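Participant: Residue numbers (this note's numbering), protein chains in the order written: chain E, 1 to 303; chain P, 1001 to 1450.
Because the hints were derived from the structure by calculation, they are not lab data. All of these numbers come straight from a predicted model, not from anything done at the bench. Some hints could be false.
[Said to hold, decoys possible] Derived DEER-like restraints, expressed as beta-carbon distance ranges:
no. : chain 1 : residue 1 : chain 2 : residue 2 : range
1   : P       : Pro1388   : E       : Ala145    : 37 to 47 Å
2   : P       : Ser1372   : E       : Arg52     : 34 to 44 Å
3   : P       : Gly1238   : E       : Asn162    : 34 to 44 Å
Ideal Cβ positions, reconstructed from N, Cα and C, are used throughout, including at glycine.
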Amino acid sequence: MNASARPRRRRVSLLPYLLILPTFVFVALFTIWPMLLASYQSLFLQRLNIARFRTPTFIGAQNYIDLFGDDRFHQVMVNTLLYVLGTVPLSVVLGFLFALLVNRAMRGIGLARLFFFYPTILPLVSAATIWMFFFTPDYGIFNTALRAIGYTGPQNWTSNPNLALISVMIVTVWKNAGYYMIFYLAGLQGLPQDVFEAAALDGASGWQMLWRITFPLLRRTTLFVTTIAFISAFQTVDHIFVLTQGGPAGASSVLLYYLWEMRFEFLNVGAASALTVVLILVLLVFTLSNFLISEQREDAYAK
Amino acid sequence: MRANSRLWLVWTMVLVLALAVAGCAAPVAAPAAPAAESGGEAAAPSAEPVTIQVFYPVAVDAPIAQILSGYVEEFQAANPNITVEPVFSGGYGDVKTAIQTTIEGGGAPPALAVMLATDIYDLVNAGYIAPLDDFIAQSDPAYVADFLPAFMANSAYDGQTWSIPFQRSAVVLYYNADLFKEAGLEPPVDWQSWAEAAQALTVRDGDNVTRWGIEFSSDWPYWLFQPLAIGAGQNIVGDNPTEVFFDTQAMQDTLQFYNDLSQVYQATPPGVQANWGQGPSDLASGQTAMVAHSTGSLSGILSQADFEVGVMPYPGKEAGSFASVPGGGNLYIMDGASDAEKAAAWQFIQFLTEPDRVADFSIQTGYIPNRSAAFEAPAWQEYVATVPQAQAAADALQYAQAEFTVENLGEVRTILHDYIHKAINGEMPVADAMAAAQADAEAALEPFQQ
Chain E
1 MNASARPRRR RVSLLPYLLI LPTFVFVALF TIWPMLLASY QSLFLQRLNI ARFRTPTFIG
61 AQNYIDLFGD DRFHQVMVNT LLYVLGTVPL SVVLGFLFAL LVNRAMRGIG LARLFFFYPT
121 ILPLVSAATI WMFFFTPDYG IFNTALRAIG YTGPQNWTSN PNLALISVMI VTVWKNAGYY
181 MIFYLAGLQG LPQDVFEAAA LDGASGWQML WRITFPLLRR TTLFVTTIAF ISAFQTVDHI
241 FVLTQGGPAG ASSVLLYYLW EMRFEFLNVG AASALTVVLI LVLLVFTLSN FLISEQREDA
301 YAK
Chain P
1001 MRANSRLWLV WTMVLVLALA VAGCAAPVAA PAAPAAESGG EAAAPSAEPV TIQVFYPVAV
1061 DAPIAQILSG YVEEFQAANP NITVEPVFSG GYGDVKTAIQ TTIEGGGAPP ALAVMLATDI
1121 YDLVNAGYIA PLDDFIAQSD PAYVADFLPA FMANSAYDGQ TWSIPFQRSA VVLYYNADLF
1181 KEAGLEPPVD WQSWAEAAQA LTVRDGDNVT RWGIEFSSDW PYWLFQPLAI GAGQNIVGDN
1241 PTEVFFDTQA MQDTLQFYND LSQVYQATPP GVQANWGQGP SDLASGQTAM VAHSTGSLSG
1301 ILSQADFEVG VMPYPGKEAG SFASVPGGGN LYIMDGASDA EKAAAWQFIQ FLTEPDRVAD
1361 FSIQTGYIPN RSAAFEAPAW QEYVATVPQA QAAADALQYA QAEFTVENLG EVRTILHDYI
1421 HKAINGEMPV ADAMAAAQAD AEAALEPFQQ
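This is chain E alone, in the form it adopts within the complex (with noise of 0.2 Å):
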């Protein structure tokens, strides 16, 4: 009985490792690999634009010490501080509440759901085109709306020192919020009504049950959505190219873009693996961070 059974058991055993082989390979393949390359490139010297620096040499920890003696460095992580924190919670809350809006039986809702949809089926760089117009000084129409209201500040957006990261991070969450709506929509769908009835038998009022019942419920399609959003936010850098090109003077410069320059403007490669290992790293951090939060609160929940 024994023998029949052990090699039943051992194919059994043996099928979920075949299941996700494929993914694997193909994760290896294209992201793995690609990260233990940069992380070993980062350690060498190797510009492309020197002849005699074309072949990589080893130099240790210098790619870092640069990078972190370098003030265009110190001014992209802020930037990208900047633009995370201004970018990731606000368009999570809007497309939270874009959700909650759209979220009911009423003649026209769909279309108000395709409204509020609409700037994601957009390509970011056609959306940033757009916005391009919009910010253009004198008659661009955000100025031009602006001005309606009484604002007469500076209008020159993309190109102001201190309106320029500003004026991207408009287009991320402008482009954004929908999208994380959808996942809100499905998420508020997908809730039990038996435990709102319960509450209105209580008396619980409409606020309560927002944020008691729907919120801690959503908890899950939050995890997702603040992951997706902070990926993104690092990702996602093709507005920059069309609005502002990092400038003026770097003030709109995020981490990636940063990257590309050092990669494929200044041709250095080890700085630009250097950079690699920083993004890679800052991500893995805030994603590591943000699972264990949540489970902790789940594990509270569940006491």
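With chain E fixed as given, assemble chain P onto it according to the hints.
Facilitator: Positioned in the frame of chain E, the structure of chain P alone reads:
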């Protein structure tokens, strides 16, 4: 039965996996195959069919894709053994990035590409492009000598020639000649009369400006600013590719003049201006009386404007001098191409730069004819008889000096741009900004000094 179905599942998975692995392996194997083939071709006689790719930017000022595809058809009809595959991508930067990633990823680069003339040092140092001296030696000596010297200024490095001028432009000043006449103004002859004309032509309606005297884009500033520095007596680059002239009286005068245009004369919006894209249409629609722009915008402006358009080089700081710089893209042959592909690419270059075709290309796009013989072409003569501005744009070139390019161009240019931005946005005094730009640029060029 259950065991059987599991077994079946496992075998299916193994099959899927095998396919996936094969799928992964395929792209790795693919680049090797053409390389082997083309190696064989190199040894074979030139009548062997050969295919060359041409990487080409389309985000330029004219409907290039269409025009170039027409030339490709003509060329293939005349050379049945050569197939030309144009690959159009975004802008100059996208073409360069595509080539870099192809070459460094181990793929086969295109045989020919149109990239900025100023990219030369980075392209040579990275080993991406092939010198053209052998091809030039085999052709008629009059051929290369016929290209305009201002356009060949960025083709030589290390005693060799690396590119052939193609779609070349220059910086000029466009002005609304009707407005000048109405106001009784002559075209400017020095900075003073230029700024005063801009001031006189600015129209305000209360606090609102309905027409600026001049629009002068400054978010990607080196190109439009360089002729100012030249007009003030000192270009920002010289003959040595590791030397820059940022901390000079000429550059300080340049930035001061730009700031004065907004602060003293109130004839242009203050601060860094990101209005390159709308400049030509603003001139045509009367939103501005003058615009500093590329000769490449000429046909666009002429087709929209319902007034007489004036075209001239920038006036110099002192009366009597004028200034301009060339710009635009050259044809480069890639080093990774096989000998047969290189030869075919050279043939295509010569085809593209035949005088009549250069004249046709210039008439259709607004780019300046890149060689003297094209100015003699009947089509060009006929064209400038009706559009004298095209000849005026080309004539600006006689005041042109070399476009800004140095070793480590990307980094040094970013340094220059950053400090120009700071000086224009009032974050740093002009003199301090240029001193800092010089110091940072010299540090960035230090590894290249040898």
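Participant: Against each hint, give a clear statement of whether it holds in the structure.
Facilitator: The hints, checked one at a time:
Separated by about 43 Å at the C-beta atoms, P:Pro1388 and E:Ala145 satisfy the suggested range of 37 to 47 Å. Against the hinted window of 34 to 44 Å, the Cβ-Cβ separation of P:Ser1372 and E:Arg52 comes to about 40 Å, which satisfies the hint. The supplied range of 34 to 44 Å is met by P:Gly1238 and E:Asn162, whose beta-carbon atoms lie about 37 Å from each other.
The structure agrees with every numbered hint stated previously.
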